[in-house]
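There are 2 protein chains.
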Amino acid sequence: MCGSEKKIYIVGMGPGREDMMTGQALAVLDRADLIVGYTAYIRLLGDRFAGKETFSTPMRQEQDRCRYCFAQAREGRRVALICSGDAGVYGLASLMLEIGEDYPDVELEIVPGITAAVSGAALLGAPINHDFCVISLSDQLTDAAVIERRLRAAAEGDFVIVLYNPQSRTRRGYLKKACQIIEQTAGPDRACGWTRCIGREGTQTGTCTLRELQDVPADMFTTVFIGNASTFIAGGRLVTRRGYHV
Amino acid sequence: MCGSEKKIYIVGMGPGREDMMTGQALAVLDRADLIVGYTAYIRLLGDRFAGKETFSTPMRQEQDRCRYCFAQAREGRRVALICSGDAGVYGLASLMLEIGEDYPDVELEIVPGITAAVSGAALLGAPINHDFCVISLSDQLTDAAVIERRLRAAAEGDFVIVLYNPQSRTRRGYLKKACQIIEQTAGPDRACGWTRCIGREGTQTGTCTLRELQDVPADMFTTVFIGNASTFIAGGRLVTRRGYHV
Numbered sequence: 013m014c015g016s017e018k019k020i021y022i023v024g025m026g027p028g029r030e031d032m033m034t035g036q037a038l039a040v041l042d043r044a045d046l047i048v049g050y051t052a053y054i055r056l057l058g059d060r061f062a063g064k065e066t067f068s069t070p071m072r073q074e075q076d077r078c079r080y081c082f083a084q085a086r087e088g089r090r091v092a093l094i095c096s097g098d099a100g101v102y103g104l105a106s107l108m109l110e111i112g113e114d115y116p117d118v119e120l121e122i123v124p125g126i127t128a129a130v131s132g133a134a135l136l137g138a139p140i141n142h143d144f145c146v147i148s149l150s151d152q153l154t155d156a157a158v159i160e161r162r163l164r165a166a167a168e169g170d171f172v173i174v175l176y177n178p179q180s181r182t183r184r185g186y187l188k189k190a191c192q193i194i195e196q197t198a199g200p201d202r203a204c205g206w207t208r209c210i211g212r213e214g215t216q217t218g219t220c221t222l223r224e225l226q227d228v229p230a231d232m233f234t235t236v237f238i239g240n241a242s243t244f245i246a247g248g249r250l251v252t253r254r255g256y257h258v
Numbered sequence: 013m014c015g016s017e018k019k020i021y022i023v024g025m026g027p028g029r030e031d032m033m034t035g036q037a038l039a040v041l042d043r044a045d046l047i048v049g050y051t052a053y054i055r056l057l058g059d060r061f062a063g064k065e066t067f068s069t070p071m072r073q074e075q076d077r078c079r080y081c082f083a084q085a086r087e088g089r090r091v092a093l094i095c096s097g098d099a100g101v102y103g104l105a106s107l108m109l110e111i112g113e114d115y116p117d118v119e120l121e122i123v124p125g126i127t128a129a130v131s132g133a134a135l136l137g138a139p140i141n142h143d144f145c146v147i148s149l150s151d152q153l154t155d156a157a158v159i160e161r162r163l164r165a166a167a168e169g170d171f172v173i174v175l176y177n178p179q180s181r182t183r184r185g186y187l188k189k190a191c192q193i194i195e196q197t198a199g200p201d202r203a204c205g206w207t208r209c210i211g212r213e214g215t216q217t218g219t220c221t222l223r224e225l226q227d228v229p230a231d232m233f234t235t236v237f238i239g240n241a242s243t244f245i246a247g248g249r250l251v252t253r254r255g256y257h258v
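Keeping their order, the protein sequence lines are chains R and Y.
Read in order, the letters of the first sequence are residues 13 to 258 in my numbering.
Read in order, the letters of the second sequence are residues 13 to 258 in my numbering.
One thing to keep in mind: the hints can contain errors.
Where chains are identical, the list cannot tell them apart; a pair therefore holds if satisfied intra-copy or between any two copies.
[Said to hold, decoys possible] In silico SDA-like pairs for lysine to any residue, Cα to Cα no more than 20 Å straight-line:
| no. | residue 1 | residue 2 |
| --- | --- | --- |
| 1 | K19 | G247 |
| 2 | K18 | E65 |
| 3 | K19 | G248 |
| 4 | K18 | D45 |
| 5 | K189 | D151 |
| 6 | K189 | V228 |
| 7 | K18 | G247 |
| 8 | K18 | G248 |
| 9 | K19 | A246 |
| 10 | K19 | L46 |
| 11 | K18 | P116 |
Calculated from the structure, these hints are not laboratory results.
So here's chain R without its partners, still in its complex pose (with noise of 0.2 Å):
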């Protein structure tokens, strides 16, 4: 970052922990003027980041957060936005490259991280190691329907499915409801699991059968995944066969 260019760096932070950052989003970090993102997700990082300047806002005001990114990087300040898992995948990505069509002067770097169905599918086992559907259950930006409509198809394409944001205090039985409709065609005893606050303390992770997992006490911490016919159970932990003949 030399000063007389006008860039943004968009990092993922991965789920939370230092060293599951990588090492470019490290160093853009710590070359940033300013940091913006939830003081939450910074503070997760410990010191190393304590005396950086900071700037955030409230959940739903994310346009104003964009749009004071380049306000900033139009004045020739390094300005790192930052999301927890990784920017592209239900982050800020996305909305930054649309708002940034009004700011042609400001260049845009999306810094990848580890998203939560990769770094949950870790702890659990190895849950997503065939073909997956990733999908949020938040109805703030998506039509139930087509949230809906996606959990069937992807039922019926028996993938191993990726629950983000299950539930949340307002949104009750969006994760029973969700279960009830892969049931449909997956049937109740389908492996599934869950993980919670990955790489944070009080780690939690869960295996269980589809019409258990209706009743496990998700929230937006939460990462659920549901197996397809070849995912198993054992010794506690969830496995997609590949297709190898052991």
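Starting from the structure of chain R, add chain Y where the hints point.
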């Protein structure tokens, strides 16, 4: 890793550039006595691991490679098995867990890495910024009929679709056939993109329509992205809207 425990680390090395690995993955490889995996991958990382003992087997001898890891771990060696991208996404994590049932005294830990869906997306823009599917077109371990069924389901669900292993020297015409299946639902003008040799020398990217994608000269180093109905190309970048009203 202390001397008495028997443990194998199954490590995702990301696309192949050292600064795209996590600190956790680098630390595991630094401490390993033996790195098992294609020597080409280790070579990609340059001098850092140049002095390490390595072991590999030819393609299609994955089970031998896995059992070698267990045998070495039983002899008290610190073993790291590396896979490109993430070990749990079309990598050896699930096979290791399956074979591991024969070696209950050996612990397995999976260290996540950046998979091509995520690293390729970052290069292209933000194509997987909403619900997406990952499908491998390789029919070496999967029936062609299963792959076809998944392609149809993914298109019917209006998922963004990421294709791994689109074709190889021995599997020609696979990408064209997949595009034709998806086109029945998505139409010929759907926004698409592809990346080749992510994070390595000679990285290439491109955007195109679904009809044009049929004739992209894809190989095993290519990752293909097929947009959903909300995906667009702007300024050479492939972006899937998340639903904000910009």
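Worksheet item: Hints broken by the structure, by number, lowest first?
Response: No numbers; nothing is violated.
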